[in-house]
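Based on the hints, put chain B with the ligands in the right spot on chain A.
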Amino acid sequence: MTDHVLEAQSVTKQFPPVDDQPPTPVLRGVSLAVFPGEFVAIVGPSGSGKSTLLYCLSGLEDLTSGEVSIAGRRLSGLSRRAQAKIRRDHVGFIFQSYNLIPSLSAWENVALPARLAKRAISAEDVSRALHQVSLGDRASHKPSALSGGQQQRVAIARVLATRPDIVFADEPTGALDTEASTQVLDLLRDVADSGRSVVMVTHDLQAAARADRVLVLRDGAIHRELLRPTADDVFDALAHARKAVA
Amino acid sequence: MRRLILADLLDNSRVWLGVLLVMISTALVAAVVASDIETGVTAGGNVALALYAISGVIILFSAVTAIIVLGSVTALAVTLHQRAYALWQLVGFRPGHVRAVVHAQVAILAVLGSGIGCALALPAVGPLFRFSFASTADFDTATPRFGVLSAAGVVLFVLLLAVASSARGARRAALTPAIATLREADVPRVPMTGKRWITATIMVGLLAWIVSTLPGTAVERLAVPLMLIGPLVAGILATMGPLFMAPLVRAWTALVPTTWSSAWYLARNTTASHISRSAAVINPLVVATALAGGLYAANDTVRAATTDAGSLSAGTVVLLLGGPLVLSLVGATVSVFMSSRTREREVALLVATGATWATAIRAAVAEALIYVGTAALLGVAAVTVTRIVGLWAAGTGLPSTVSQPATAVAVIICGAALLMVPATVIPTLVALRRNAPRLLTGE
Ligand SMILES: Nc1ncnc2c1ncn2[C@@H]1O[C@H](COP(=O)(O)OP(=O)(O)OP(=O)(O)O)[C@@H](O)[C@H]1O
Ligand SMILES: [Mg+2]
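Those sequence lines, one after another, are chains A and B.
Sequential numbering from 0 applies to the first sequence in numbering that gives the first Met the number 0.
Sequential numbering from 0 applies to the second sequence in numbering that gives the first Met the number 0.
Extracted from the complex, chain A is given alone in its bound form (with noise of 0.2 Å):
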């Protein structure tokens, strides 16, 4: 056992080939170790392979090598089963859009996973996570019925709801003005501190400065670590990264 939620080890990963390219590898020997708490933020030009990593450490993606483990399990060789199993207990996932189920209504959307997984979760708990992030005027609304923004705090008090160990976000605030993206992030930094982990995906670099840690990635691989960096940073380091592939 070890103290991280989630560690990677020499993680690569290759597509297979499209019309006769060769293959490329789009990650490259990814290696990384995220503490309970912390909040990592992963920025790099595009295409790069941050979604792919974020998807390969989550184990919605299946890796070519290497290894990842999520509170302290090794997600290769499980079965899928297993693998859904760990991902209910212990993982809550944010993406940039169609974050819920179009038929499910906030609040069933918020109860969901805890449904999926046959635990009980209270009305209490549903409710007092949507008031968090100020929707419990909301809770009857169906996703068609709610903004871009109202939709992401959905997912984010689902995740609140749910209590996973480590949130894995793509772009949450990718589609958000800079108001609703600083009530998202304000809202992963809360889940942060509460002791859980956040893992995002952003090229938004005011929202990367609001992590612990910035890994910045290039071409598959982590090109440099910001600690506690300000926004300048990561524009200096996302630019040094750009200047590098080009």
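Treat each hint with caution, since some may be false.
Think about it this way: if two alpha-carbon atoms lie no more than 20 Å apart in a straight line, the pair counts; the simulated SDA-like pairs of lysine to any residue are [said to hold, decoys possible]:
| # | chain 1 | residue 1 | chain 2 | residue 2 |
| --- | --- | --- | --- | --- |
| 1 | A | K117 | B | P256 |
| 2 | A | K117 | B | R195 |
| 3 | A | K141 | A | Y97 |
Think of the hints as simulated: they come from the structure by calculation, not from any bench.
Below, chain B with the ligands without anything else, positioned relative to chain A:
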């Protein structure tokens, strides 16, 4: 414009291929009817009289089925496309243009589909005719025919029906403010429109008229009017669907407590909230049940009231029901496949949320069972109406058994389940095998 029409047809091949399949099936069914009429005209005499009598029933069965099936499938295709149409408007298409494109797409498919249908019918009508009338005297001399004129009639029938059924969707596609559709990730709810009220009223009127002619009719002659009751009731139910379908689905599916199965819970919410999508699957199944059950219920009534123990021959059943049944089952299956793109995204999300593959697959099975179950309830209602009217008209007491109509209904329901389960499960499996998270990031 031509480029856009073709590009869109290719791009959304799943949806349009479904529509094409239904058009081909409709044309096939229509071709059989047209061939019977043409054969009758050419043969004259007793053959003609017999054929006209049968054709009347087949035409009604087929027309009701075609209107419901082709109508709901075309409408579904247009609704599933509303987002694309909204995008076209955003890039500068005028509403009139959008409408023209929709009609053009549907018309192209109708001509293509009915053409293929006629070509397929050509070698089939002969053997089918001989099988259906194997036991009928005089018919060995008649040669089944299916000429150019019949084919043209079939193409025209399919074309008119398709364009008429897409009219509402096309108008809505053109009038909906682009933004409203873009926001609405779901297919919007179909309200009870004026046209629906009118159609329903006409059908209720027809039903009332048929029922009013029954008292005093000789018992042996009751069979044909009684046979028409089932499909008519199915038509009325399909037309009035927006009024009761969602509450009905919610009500009966609540019999399984939501705490028992998360798969059932998910399926129940999906079917009830995408009700126009569900109705496109349920309606054809109701028609199929009502047709088969109604035919036997009508026949049973007559048999019970007369000493004549004549039962339906296989040939007659195939002739009367074959086409409409195939058409409605194809329609239901195609409707499920057509909307499976939204299903993929939901499956991806479920998996990310921690659902096992088994849960996702069970939810797909539950969805199929909810379609079939709802159709069974409505279909049985239609058959029961036939039964009650029959008993009343024939003036007999309760018959000792209801076995034949019940068997027919059971066969259709089981057949429908056998088709629906793979139709929902296969796309789910495909979605599970596909790269799940990518479905949630892109369009
Ligand atoms: N299923 C796939 N098959 C083949 N190649 C893929 C697949 N998915 C992603 N890729 C490739 O992997 C590379 C990294 O993609 P990824 O989505 O991880 O980038 P990203 O860093 O998230 O970019 P962005 O910032 O634009 O979202 C890209 O070159 C992409 O084309
Ligand atoms: Mg990405």
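For each hint, the structure was consulted:
Proposed proximity of A/K117 and B/P256 is supported: the alpha carbons are some 14 Å apart, at most 20 Å. Restraint check: the Cα-Cα separation between A/K117 and B/R195 comes to about 43 Å, which exceeds 20 Å; the hinted pair is violated. Distance hint between A/K141 and A/Y97 is fulfilled; the C-alpha atoms sit about 13 Å from each other, no more than 20 Å.
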